[in-house]
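Residue numbers (this note's numbering), protein chains in the order written: chain A, 15 to 335; chain B, 886 to 1137.
Honestly, the hints are just simulated from the structure, not real lab data.
Computed from a predicted model, the values in this text were never measured in an experiment.
Each residue gets a CB set at the ideal place from its N, CA and C atoms; glycine is no exception.
Each hint should be verified, as a subset may be incorrect.
In silico BS3-like links for lysine-lysine, alpha-carbon gap of 30 Å or less [said to hold, decoys possible]:
hint: 1; chain 1: B; residue 1: Lys-1112; chain 2: A; residue 2: Lys-191
hint: 2; chain 1: A; residue 1: Lys-126; chain 2: B; residue 2: Lys-1104
hint: 3; chain 1: A; residue 1: Lys-30; chain 2: B; residue 2: Lys-908
hint: 4; chain 1: A; residue 1: Lys-326; chain 2: B; residue 2: Lys-1112
hint: 5; chain 1: A; residue 1: Lys-310; chain 2: B; residue 2: Lys-1053
hint: 6; chain 1: A; residue 1: Lys-310; chain 2: B; residue 2: Lys-1125
hint: 7; chain 1: B; residue 1: Lys-1125; chain 2: B; residue 2: Lys-1135
hint: 8; chain 1: B; residue 1: Lys-1053; chain 2: A; residue 2: Lys-30
hint: 9; chain 1: A; residue 1: Lys-65; chain 2: B; residue 2: Lys-1135
hint: 10; chain 1: B; residue 1: Lys-1125; chain 2: A; residue 2: Lys-335
hint: 11; chain 1: B; residue 1: Lys-908; chain 2: A; residue 2: Lys-295
Which chain A residues face chain B? A few, computed with CB under 10 Å, are given here [said to hold, decoys possible]:
hint: 12; residue: Ser-60
hint: 13; residue: Gln-62
hint: 14; residue: Lys-65
hint: 15; residue: Asn-88
hint: 16; residue: Pro-116
hint: 17; residue: Ser-148
hint: 18; residue: Asp-157
hint: 19; residue: Ile-201
hint: 20; residue: Lys-206
hint: 21; residue: Pro-251
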Amino acid sequence: MSTIVFLEKEGSNIRKTSLEAISYACEISKIANTSVTGVAFGDLESSQLTKTGIYGCDKLIHVNEPSFNQAVINVYAHALNQIMIDEAADLFITAQSALADPIAAKIAILQKASIATNVSELPNIGSKFIVRRSIYSGKAFEDLVLTSPKKVISIKRNAVGLIENQKDVNIENSELKANPDMVDAVITGSDKSSGKVLLPEADIVVSAGRGLKGPENWEMIEKLANELGAAVGCSKPVSDVGWRPHHEHVGQTGIKVAPNLYIAIGISGAIQHIAGVSSSKVIVVINNDSEAPFFKNADYGIVGDAFEVVPKLIDVIRENK
Amino acid sequence: MDKISTCMKILVCITHVPDTTSKIAFIDNNTKFDSTNVQYIIGPYEDYAISKAVDMKSSNSAHVTVLNVGRSEADPSLRRALALGADEAVRIDADPDDTFYVASQIANHVKETPYDLILMGRESSDFNGGIVHSLVGGLLGIPAFSPVMQLNISDVKVEMTREIEGGKEYLEANLPLIAGCQEPIAEWKIPNMRGIMTARTKPFQVVEAYESESRSINKSFELPAEKEGIQLIDPNDVEKLHDLLRNEAKVI
């Protein structure tokens, strides 16, 4: 049996979260004695394809067919379902994303599979197949037994992280074409900030809130993020008043992140904000109000004026590079 | 469907969930949620879905049905949706334990009572699955999109804005379809006195659950490990923070 891993593209690269999904599948394959087959769509350089071997991909099916350009969820889902049938796969794994989760759901319907999203750890495989999911916006976990013979799993960032399992990946070019009957929508355009680190992909996230006083003060936040190779986030009030775009809003009703390091600057730490960041490994809070509730959820804190602390921090990082 | 009926039929599926500020705890050896002193609400994303549906009533001729898969404790949330402007409520009397089971209940209802547009929240705020809309779409063979930030209908064509990583995607599709809503699709509403009064006389049906399988079983719950406590650093010693992040936490 084999496991299919959906590999999502970002620009000309395979997303890091997708490589984490290969690591995740490879760890399962060690227990379940299965093979890991990645599936990637679109134009990708061969170095990107071979890279999947580092994380334990046995076989990579590359679907570089122009009919998949601008493909919609339903088209991808049916193509991946066909590949699952061809490969006699019983497990489908993907990294959580706006594209991957709905694909996963459609595959679960087509394969009559159990499905679990927001999965935060490796499964416990014995007489039962048990996954751990993050629930109540990171305030708890649930252990869920997946009872169908086939399973679909969407994993959170850092469920296992990137684990190297060097393999000689066998790259296969697929002739599979997009099925025009499955086109149920048209993508008429997109609006995406280019060249920036994506929030769900970032190892480090630097977020700022109303404590910054105005949108003009985000320059130092972006500078700090730049020095750290971090993505920039913000609190809900900041995106509500339009200082920053909605896709930077981190929190329960915005983007949920699980980076290695989350730095919150001038964010008091409303429960809804913390719900979106509580899966972060390390949290740093910089706030001039020592009573800010966020300090209770942080690993490191500085009670001080962001306009003094942040420029100093940028300098220290530069000096120590 | 080629043409929508003159009166558009909208279904809004809602969850009945603990208030987002609730303290989360479990009882019975971590197998059951502790609902003591917990205030329940309509899920925050479904509040957007209801608001959007009610807004559409004012610009189009529309009939809004609100649906919940759950037990009688969810009735106050359905009543609130009626007070906000929905025209009728349906509760499918079943325990909403398994995602696939809930999706099947909704899909079976829609097979019996077709709708032009089905609105849900992007995800339930308790179990955070975020796939019921896609599962229902898969079961019914109609398109589903989420998280939808904007939705405009002209005739049978629907224009949507969907949030993607790092930005937005613009889509067009035809009715019938399903949308998982999120801000800023509509402004949250507060029930007014007239809404609360008329809600009492609106149709409210409780129907039996449909025969369906579950594909998962909840085994237990667990709370995350508590943080070890914060290390405070002097604002004049930013070097120390850098040192701790690099050498102790090893994250930079």
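Structure-based check of each hint:
{"no.": "1", "hint": "B/Lys-1112 / A/Lys-191", "verdict": "violated, 50 Å"}
{"no.": "2", "hint": "A/Lys-126 / B/Lys-1104", "verdict": "holds, 21 Å"}
{"no.": "3", "hint": "A/Lys-30 / B/Lys-908", "verdict": "violated, 34 Å"}
{"no.": "4", "hint": "A/Lys-326 / B/Lys-1112", "verdict": "holds, 27 Å"}
{"no.": "5", "hint": "A/Lys-310 / B/Lys-1053", "verdict": "violated, 34 Å"}
{"no.": "6", "hint": "A/Lys-310 / B/Lys-1125", "verdict": "holds, 20 Å"}
{"no.": "7", "hint": "B/Lys-1125 / B/Lys-1135", "verdict": "holds, 13 Å"}
{"no.": "8", "hint": "B/Lys-1053 / A/Lys-30", "verdict": "holds, 20 Å"}
{"no.": "9", "hint": "A/Lys-65 / B/Lys-1135", "verdict": "holds, 25 Å"}
{"no.": "10", "hint": "B/Lys-1125 / A/Lys-335", "verdict": "holds, 15 Å"}
{"no.": "11", "hint": "B/Lys-908 / A/Lys-295", "verdict": "holds, 22 Å"}
{"no.": "12", "hint": "Ser-60", "verdict": "violated, 25 Å"}
{"no.": "13", "hint": "Gln-62", "verdict": "violated, 18 Å"}
{"no.": "14", "hint": "Lys-65", "verdict": "violated, 20 Å"}
{"no.": "15", "hint": "Asn-88", "verdict": "holds, 7 Å"}
{"no.": "16", "hint": "Pro-116", "verdict": "holds, 4 Å"}
{"no.": "17", "hint": "Ser-148", "verdict": "holds, 7 Å"}
{"no.": "18", "hint": "Asp-157", "verdict": "holds, 4 Å"}
{"no.": "19", "hint": "Ile-201", "verdict": "holds, 6 Å"}
{"no.": "20", "hint": "Lys-206", "verdict": "holds, 3 Å"}
{"no.": "21", "hint": "Pro-251", "verdict": "violated, 13 Å"}
Of the hints listed earlier, those the structure fails to meet are numbers 1, 3, 5, 12, 13, 14, 21, in rising order.
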